Each structure stands twice: as C-alpha cells, then as structure tokens.
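J.: Taken in order, these protein sequences are the chains called V and E.
Every letter in the first sequence is one number past the one before it in my numbering, and letter 376, counting from 1, is 460.
Every letter in the second sequence is one number past the one before it in my numbering, and letter 443, counting from 1, is 457.
Derived by calculation from the structure, the hints in this document are not laboratory data.
It is possible that part of the hints are untrue.
Claimed, not checked - Listed next, the in silico SDA-like pairs over lysine to any residue satisfying Cα-Cα at most 25 Å (straight line):
#1 E:K274 x E:K317
#2 E:K153 x V:V321
#3 E:K347 x V:L262
#4 V:K483 x E:Q251
#5 V:K491 x V:K477
To be verified - Label pairs and their calculated CB-CB ranges:
#6 E:D311 x V:E489: 25 to 31 Å
#7 E:K416 x V:E203: 56 to 62 Å
#8 E:E339 x V:G399: 53 to 59 Å
Stated by the list, open to error - Only some residues are given here: those of chain V computed to face chain E with a beta carbon under 8 Å:
#9 D229
#10 R236
#11 A335
#12 Y352
It should be emphasised that the depicted structure is a prediction, and the values quoted were computed from it without experimental measurement.
Note that CB positions come from ideal geometry on N, CA and C, so glycine has one too.
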Amino acid sequence: MSDKQEKEQVYARYVASGKTMDHLASWGKTLAEVMNPEGKPEVLDGILVLDASLGNFSGIIAASFLAEFGAEVVKIEPPEGDPMRKVTPYGANQQGVGIPFLVEGRNKRYLTLDLRKSEQDRREFARLAGKAAVVIETFPAGEMDAWGIGYRRLRETNPGLIYIAVTPYGQYTEKAKLFANLPDSDLTAQAGSGLPAQVGDPANSPEPYNWPLRAGMWAAWYISGLSAALGGAVALVHRQITGEGQMVDVATMDAYANMVGFPPTIGYTWEKARPRIGVLDFILYPYGMWKCKDGYVVIAAPRDHDFRALLKILGLWHLEDDWRHTPDRIPDVVDQAMVLYKAIEEKTIQNTADELVKKALRYSARAARSKWRGGGVPIIMKMMTPPMTMESKQFAIRKVFQEVEDKTLGKFTINTNFVKMSESPPRVKWVATDIGGDNEYVRNKYLGKE
Amino acid sequence: MEDYFSYTAKLFDPSKISEKPEVLKGIRVLDFSHVIFGPTATRIMANYGAEVIKLELPFHGDLWRPATYWGKYWKHSNPLWHFVTQNKYFVGLDLKHPEAKDIIYRLAQMCDVVAENFAPGTAEAWGVGYTQISKINPKVIYLSCSTYGQYGPLRFYPGWDLLAQAASGVLSVTGYADTEKFYKLPDYLGDFIPGNFGALAILMALYFRNKTGKGQYIDLAQSEALMRLLFHFTAFQLKGMDIGRTANTDPTMLPASIFKTRDGKFMALACATENQFEALCGAMGRKALLQEKAYADPFERLKPANADSLTKIVAEWLKNTDGEELIQLAREKGFPAAEVLDDYQIYKDPWRRERGSVLLFNDEMYGELVMAGPSAQLSGTPSRTKWIARPLGYHNRLVLKKFLEMSEEKITELEKKKIIGIFDDRPGLKPPVYYNLDADPVYNYGRGETK
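Let the sequences and hints guide you as you build the complete structure.
T.: Next up, the structure:
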C-alpha cells in the first residue's frame, strides 16, 4: 500500500467489497450519533447514591460508574477525609489529593458525616438514605448494622433501597464473620482471588522472576468496583420494575477468580494448579510480546492460517513443517515452545515496530480481497505505554481523554467515555474533590431546612 | 436483635436462589458474538434470567469451542467454555443463506437486545448490523463489541484481548523494571473485563428503554474499557510520571508487596491507610518506625527511597514469620494480608463453596462440574446457573418451534439445505460420547415420541 493511496484499508473479507463501503458511509449517520455524549439524556437522572465507602477504592470506583451514567453521587466522609485521598503512586499529589482520587472524583458531591464517631451524623445519614436509591459502603461486615444504619434498618423506611457492600470476604458465611475486621487492599484482593499465581516465569527460572507476580495496576479494585456497579445496575432494573430494593454483596477476594472463571474449573478438572509459563499463553501461539528494533510488538497469529501468514511475512516458512497445526504449537512443553519464540524474535529484532505492523496489515488487506479462503489475518501491533496511548489519533478522535477542571486543583486530563451509546451515554461533567464541598447543597436539597 | 451474620445467612441462602425472581425474565437476546468478549456480556444477561439465543456457524461453531488450555478436554468439551455459555440457547445457522437471514430477522423482531463482536463493518456487510435490525425493530438495544471501536482510523484493524492490552497501555505495566519482558493480564482478562462493561451498558440501556421506550446503539471498544482502569494517564499528564513496571510492589501504598514467609508461602501484604500501617508496625513490634521522618507522612513514605527501605524491613520480618501467623496478626491488628492462592486452592476453598463463589454444579448432560459463581451476590434477584454449554445446534428445534412456531417438516427441509445444522466430530462441538442425544427431550423438542 503506497502512502499516497487514500482509500481506507480493510482486513475483513466481507467488508472489502465496494458495495459494502457505500453502505458503511450511510451507516456513518448512526456513528455520528454515538460520537458525542453532550446534551443527551442521562440514564440515572434523579437517582441518589450515597457512597459511604471508607478506606476502600472499590466503593469509590463503583460510585463513579453510577455517577457517569447520571446518578447524583454523594461521597460521605469524616472531616479528615477518606484515607484513599492519600493513596497515590510515589506520593504524587495535587494539594494533598492523590492521583487516583482525583481521577475518580468524576461527577461527585461531598458531604461530611462522621459515621464512626457521631450518633447525630448517623441519624442524618439514615434520613438521607430514606431518599436514596443506592447506598455503597465498605465498613467491616456488620458494623453499619451495629450502628443502626445497616441494610436491615434502612430498608424498613425505604424498601426500595439498594444496599451495596464491598469487603474482602463478604457479608455472610463463618469466614466473613471471623475476618470482618480484615481491611481490604488491591494487592491482597489480587492475591486472594488468584491473579498473581498466573503471572511470572516458570519454576525453574531464577528468583525473583519465578515468583507469582501482581498485575501492575489496580486490577482487583477495579474489577470489584465494576462488579459492584454491575450488581447495582441489575438491582436498579429490578427496582424500576417492582419498586423493590435488595442487598448486593461483593467480596473482593472473588475479584479475579469470578471475573474469568478459570481458576476453580481448572483446579477441578486438572486436579492441580497451573504452573506459570512466562510470556506464553496456554492455548494460543504465537500470542504475546516480542522485542523489535525500536521497542516491543505484540503478535497474535494463533489460528493455523494466521500462523502460515506470519511465517511468510517474517521469512520463516522453513519452520512450517514443524509447527503447522495448533496442537503442535500449544506450549505444554515450555522449553520447546521457546524455540519457536526465539526463532520469531530473531526476525522481529531486525525490524522496527512500524515495519512489522505494515507487513502484517498489507498481507491481511490482500487476503481479505482474495477470493481464496484461508489467507489469514496475522496481527502485529506496537506495544503502547500509557503516555504513548495518549498520543494516539484513534483515542483522540474517540474522546477517550478529556480535560477537566477542578475548582480547587485546576485543569488536568482524565480517561473517560469508556463506552459510546447513541441515546444515553455515560459522561464526565465535572471533577471535584473538596472535603465537605457540597454540605450545604446536599442538606438543602434532601433534608430541607429543619 | 438477631445476630447480623445469621440475618445475612438467611438473606443470601444459596439453597433459596431458585425461589427468587429473575430481573431479566422475558428479555430476549440475539447473540451473534463469539469467543469471550461479547459472550461474557450476554452470559451475564442469561445469569439474570434473559433468554439468550446464541447463533453459530453449523459444523464449525464458536472459535473457542475446541480451544482449551494445553489441549485438555473434559468429557469431550472445553471445560473453560462452560462458564461463558451458561443458560444460553445454541442454534447452528448459516448466515450466508438468504433463508437463514429471514429466520434471523424474525428472531430479531422479537428480541430486546442484539450483540455482536465481529470485526467492525462485518455485521453491517452481512445485513445484520444496527442499520438493518433497527429498521425491523426500532426499540432494539444493539451492542457492537470490537477492539478499537466502530469509528476512527484503527476501526478496521483486527484484534484480540492481547491487542487491546497492548493498545490500552495495560500490557506495559506488569513485570520487572529494566527487563525485556512484559506479562499480559492472564486468562484473557482483556476480554472478560470489557465483557462486563458490555453487560453494564446493556443494563443501562434497558433502564433507559423502560423509562423512555427508546432503544439504542452501543459501540464498545475493549481497549477503551481497559483504559478506564488506569490512573496512569493522569499521573503522566499532571506529573510527567511514567509509572512503568514496578514488579510486586504497588507504588500507591506502603508497604505493599508480595513476600515469601519463613514457611515458604507467598503472601501479599499491603497497608492502604495510616491506621493499617500503625497496626502493621505494632504487629512487627516496630512502633518506633511511626516516628521516623521517612515513614511518618504517607506522601513522604511513598517516595522511592523510603519505599524501598520500608519494604526491606517488612521482608526481613516475614522471613521469620509463618504465613498463618501473618494472617492471624492481620486479622487481629487490622491490616490487609492474604495468601497468593492458585487454581487448586481456589477450587478447594470451603469459604467459596459456602458463599456460592464457587459452585459444584450438577448438569443434566455433563454431570458435576466445579465452576465460578457470580462476581456479586444479590439478595433479591440473584444470578443463577441453569445449564452449561451444549453441543452445537442443540437448541435448533426448541428455538425454531417455540419462538418461531416452525413445523417439523420445515425444520427438516432447512436441515437438508444445510441452512441449519449441528456439530461435527470434533471435541468441543459434540456431546460427550456416552450421552444418548436421541433420548434427549430438549434436543428433540416437539418431535413427539423420542426414540
């Protein structure tokens, strides 16, 4: 493909015909609809969410998702603020507010109530909860109940209340009771839900590379927050239809295992745990990262025809006989699989990422236009770091990053627009973090002048 | 008053789940999606009561049917596939055929939700895109799942979970600094997490439709869903900080790392708050640390040099502490700690069984299988598993007769023309060899007396 050629390249057989391209142009009207969330109605307009979570980011994240879909989210904290304000990479902060708290301050309101210490504040909370659709909390299981503001009490006056609780071991079972006072963190939830056990080099590698390895992001806290919001969304639909509320119980020690579902089923069918296999994959091969001349690329060419195509574009056709079928390539003998890994690496390090990407795409476009089946779609992509991603034209056009302004902390960029919807998309309207910044607003609006 | 935990035990009693109402009862989903990303979104719909009709190409089926970890099958099925395909109806239908399209349009007319995850443009090219479906069913909620989204310069680029991990920046953050390895999030998390985002978007669209009567189009890019999980962008934009790979140490709180204890166990320990840090110092018998200038303030403590020295102190302490001892201390004093659990421990964990996080499910076709339960337990309208994966085309008769009132003669004719079809002899597609399909009333739905 010459650089002058302006026609858009397609890599799927059925999309490659001219007729389809015309159709895609008319489809553009629908796409134009989803491109901009501004001015559209909000799904959860008029829904009041009280986020009483303290010391646990999962609650904050769950509240964010509901806030992005239009709910009025009031974050409730004691006068000194949620300790999560100070959890931040290497201590980086804006006037005392950590980066994650800043990022999740989307569409939030802040009310000061000290639920742990003040009887009066608990009473005020109960009155607010009488008007709320959702309460989110992360206290030790049973603590809110002991204070007289748990689900059991609140539902008496507000049967439509959805009460979301997030803790390490949940709200019921013996273990939940025994471990009620064990606090939560992302790393312990990753570990306890089975993630790090799957990451890292094989047992015969040198220490510490053969250790289990954490995901370098808040995988468990974000999964738990998403699960809580999703459980809340199911409950909201039920409430909309029947007027009934319910309790949603998220245990962060379920985060990984229950998101992917593999660990318990593999434990049962294999009768043992999987070993760690480094950068390889258990099914797909080639499927991973390789070093290239100017950085790293990922290569995904796992189906047989994709693999054949990859061998062709890398000039490795002589290997075809040994590795022809998917079962030949399944890396159940890791050392053997590494032979192919090294062979591919010898070729990738001679090329830059862009050269490799171009080779694969040129092949795929040709294969898509060919009338012969089985041309293959080998995929090669440059591995992006978060700063590189921020430069991407794709994500700029899709408005994944948005500049926002906090009245105290100034302007900054956050990640947003995680799903595009034509009628009622989620969006970020503002970001705020001031402790007690909406005390007056919330009291006036929901508690009247008493 | 009744003890809280005895109250909640009744509220969430797993044995009562089948007596409780289903939120999505009466909601129908037409599911063109395959592998993990799209199917996860529709699986969650099915868990909460929706009727999900999964369409597959006859004699080929979903790409993930035969693809299993290290090639290990379980009763001639892919053991990992059962989780993603719970409660679904399996129909083998060849989209290429004009008559098949007619069937699809009739099904689409009676469905509330349509989901697909082909390469962008493919569904439109095949005549089953939002443009066409919304004409015959204006109230439809249509979810398109892709790696980069339906518009933008990368829209036609093909993708998998790995590509989304690479494009979003997620792949670059796991591993050891100054090495040449980047570990991907395991088990196709780059499909599963975006799949859950898909379910969230569908539920929000249903809520909106209940309010306004309007359907809508949803464009979900898995790379963008993954980007929602990173605060790294703001850290870079605001502070010029490229966090990169930090091995087992979480740079946002301290101490927070995975350690090896005296008895050789891998334990995660993390202090997210000042109270927790104080509790840990108490447990270590090192309360003096709280007074030290380097560790007294949380922001100061998180600076790399201080973080390193503090992590070393904890590592030294744990070299002389057993795993079980650490957990006891964490529970009593109040700081987060947990063992790094593997597949087998999670499968055996009694807490997960009691809670319903891990289910011993008894299926009519496959017998007992241990599988994961829901990510969130709901007291009023819980998620449930009714059946697991079925062979390709297993529900052809049931769906065509029950939903479209098609006659047995018509179905036989469609079978002869290969417009509808079933499995071939590959594992993952076919039923277990011991299973007598001829005597199965669901497979032979409406055929009268089964042989």
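J.: Indicate, hint by hint, whether the structure satisfies it.
T.: Each hint tested on the structure:
1. Distance hint between K274 of chain E and K317 of chain E is fulfilled; the C-alpha atoms sit about 24 Å from each other, no more than 25 Å.
2. Taking the CA atoms of K153 of chain E and V321 of chain V, the gap is near 17 Å; set against the 25 Å cutoff, the hint holds.
3. A hinted pair counts as satisfied when its Cα atoms are at most 25 Å apart, and K347 of chain E with L262 of chain V qualifies at roughly 13 Å.
4. For the hint linking K483 of chain V to Q251 of chain E, the alpha-carbon distance of about 16 Å falls within 25 Å, and the restraint holds.
5. Distance restraint check for K491 of chain V and K477 of chain V: the Cα-Cα separation of roughly 29 Å exceeds the 25 Å cut-off, and the hinted pair is therefore not satisfied.
6. Checked against the hint of 25 to 31 Å, the C-beta distance between D311 of chain E and E489 of chain V comes to roughly 28 Å, which is consistent with it.
7. Evaluation of the 56 to 62 Å hint for K416 of chain E and E203 of chain V yields a pass: the beta carbon distance comes to about 58 Å.
8. The hinted window of 53 to 59 Å between E339 of chain E and G399 of chain V holds, with their beta carbons roughly 57 Å apart.
9. A distance limit of 8 Å between C-beta atoms decides the matter here; for D229 of chain V the minimum to chain E is near 5 Å, and the interface restraint holds.
10. The criterion of a C-beta within 8 Å of any C-beta in chain E is met by R236 of chain V, whose closest approach is roughly 6 Å, and the hint holds.
11. For A335 of chain V, the interface hint holds, since its Cβ comes within 8 Å of a Cβ in chain E; the closest pair sits about 7 Å apart.
12. Residue-level restraint check for Y352 of chain V holds (minimum Cβ-Cβ distance to chain E is 4 Å; threshold 8 Å).
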